[in-house]
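Chemist: Go ahead and model the full structure; you've got the sequences and the hints to work with.
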Amino acid sequence: MNIAAVVSLGAMGLAFGAALAIAAKKLAVETDPREGKVLEALPGANCGGCGYPGCAAYAAAVVSGAAGVDRCPAGGDAARIRIAEIMGVSTDSAGRTRRIAFVKCLGDREACPERFSYDGIQDCRAANLVGGGHKSCRYGCLGLGTCVAACLFDAMHMSDSGLPVVDREKCVACGKCVEACPRGLIELLDEDIAVYVACSSKDKGADVRKICKVGCIGCGICAKNCPASAIAVTDFLARIDQEKCTRCGICAEKCPMKCIVLDADQVRVGQADSNGVAVSADVQ
Amino acid sequence: MVAKLMVIFFSAILINNFVLTRFLGICPFLGVSQQIETAIGMGLAVIFVLTLASAMTWVVQHLILVPLGLGFLQTVAFILVIAALVQLVEMVIQKVSPTLYRALGVYLPLITTNCAVLGAAVLNIREGYTLVESTVHGAAAGVGFTMAIVLFAGIRERLAYSPVPVSFKGFPIALVTAGLLSIAFLGFAGFNLGKLFGM
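Protein chains in written order, with our numbering: chain A, 1 to 284; chain B, 285 to 483.
Please keep in mind that the hints were generated in silico from the structure rather than gathered at the bench.
There could be a bad hint or two in this list.
What the hints assert, rightly or not - Result set (DSSO-like, lysine-lysine): computed pairs, CA atoms no more than 30 Å apart in a straight line:
no.	chain 1	residue 1	chain 2	residue 2
1	A	Lys37	B	Lys379
2	B	Lys379	A	Lys25
3	B	Lys379	A	Lys26
4	A	Lys210	A	Lys258
5	A	Lys210	A	Lys254
6	A	Lys244	A	Lys213
7	A	Lys204	A	Lys224
Because the structure is a prediction, the values reported are computed rather than measured.
Modeler: Rendered as C-alpha cells:
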C-alpha cells in the first residue's frame, strides 16, 4: 500500500516534471543580459519621460534597438553615456542642454481672482470641468496642484499664492506635469533661455485686462521692440521663438503687463549678438 | 445529458458561484481586481487552469487513486496536478503577454493554492460527476470566477474616483462591496434550473 502510494505519486511527479521541462524549452523567453544592465543604469523612477511605460520597458526598447540611448530625461548625461557604453554605441560625451518645466501663467489668486468658490474634488482636471473652472481666466492656472502631485521628483511645489513653482535643480523634464495640467500651461524649454511668455491666454486684450493683472493682452509691444524679430503675436498671445532669441531682455522690460519672465543670469547685457544688433545695456 | 450539463454549467456560474456564494478563491478576487483588464487576464488564466485541472484530477482520481486504493492521497495528488498546470500557464503567459505577466504578479503562481481550483476538483469527485460533467463544471466555475472578478473590478474602478470616507478607503470599502455583490447573487438561489432546461 505504502509502496503503491510512493510509486504512483513519484510517477506522476516525474511525468509532470518531464512535460514541464519540455514546455520550458519550447516556451523559453530569451532575455538579453544587457537589458538588466541598462535597467540598472536608469534612475528607476518609472516616470515615463522617455515615452515608454516605465524604466523596464525603455530598457527593453533600447536593447531591441527600438529606442535610442538618449531618451531618459531623468538620468541625464550620466545615464546616456552609461547606456551607450553597455550597448557599445557611440554618443557624444559632451553635456546637453538640460530642459526644465516652465509654467506659462502668472495669475495667482491675487492677480487673477476666482469667479466662484470651488468646493469639489481638489484636482485641476476635475475643477476644469465644473463651469469652465473657478478661475476668472479660462486659460489660467487653477492652482489645485495636480502638476505638483504628478511630479515624481519633488521638483514642483505650490506657492502660498496658489501657483506651482518649479525647482530648477530637481526638475528632470520628464513631462509628467505637462500631461497632468488640464489647461496645458506647462512647457519644457531649455534651461538657459533668457525670457519666456508666462501667459497662455488667447482672450482679447480688453477681456484679459478685466480679469488678470499679469496676462498677455496681445499688444505687440514686445514684438515691435524685439531687435531679432523673435516674437510674434497670434491669438492675442505673444510667442517667443527661442531659436531666434538673442537674450537681450528688451521684451521683458517693455511688456506693459510684465508677463514676460526674464532670467537675469541668462541675459547678455551690453554685448553685440551674432547678428550685430546692439543690445540694450539697461535691462536690469 | 445536454440538459444536465446546462444545469451544471449555469448553476456553477449563478447559483453556486465559486466566489460569491461558495466563497472560494477570495485571494485573487481581492488582489487582482483593481483593473478590468488585469481581472480579465486573471479570469482567463483561472478558466484555463480550472478546466484542465477538473479533467486531469478526474482522470487521476478514477484511473490511479481509486484502483490502487489511495483515496487518502487525493489532496496531495490534486495539488500536484494543479501546480504543474499553473507552471505551464505561467510559461505561456510570460511568453505571450509579458505585460499581463507583470500585472498578475504573485497572484499567478498563487493559483496553485487557489481554493477555487482545488474546491472544484474535490466537488467533482464528491458529486460523482463523469469526466465530461467534471470538465464542464470546472469550466463553469472558471467562468463564474471571471464574471465575479470582472464585475468587482468594474465597481472598484469607479470606487477609486468616489469620495470614500478616509477610514473606508482601499480594502475596507472593497470588502463591503464584495459583501453586497455576494448578497445580490443570493437572489439566484431560488432558481430551478432543472425546470428551465426541461429536466
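Chemist: If a hint holds in the structure, say so; if it doesn't, say that too.
Modeler: Results for each hint:
1. A:Lys37 / B:Lys379: Since the Cα atoms of Lys37 of chain A and Lys379 of chain B sit roughly 22 Å apart, the hinted pair holds (cutoff 30 Å).
2. B:Lys379 / A:Lys25: holds, 12 Å
3. B:Lys379 / A:Lys26: Holds, at about 10 Å.
4. A:Lys210 / A:Lys258: With a Cα-Cα distance of about 16 Å, the restraint between Lys210 of chain A and Lys258 of chain A holds, given a limit of 30 Å.
5. A:Lys210 / A:Lys254: Roughly 21 Å separates the two Cα atoms, so the pair holds.
6. A:Lys244 / A:Lys213: holds, 28 Å
7. A:Lys204 / A:Lys224: holds, 18 Å
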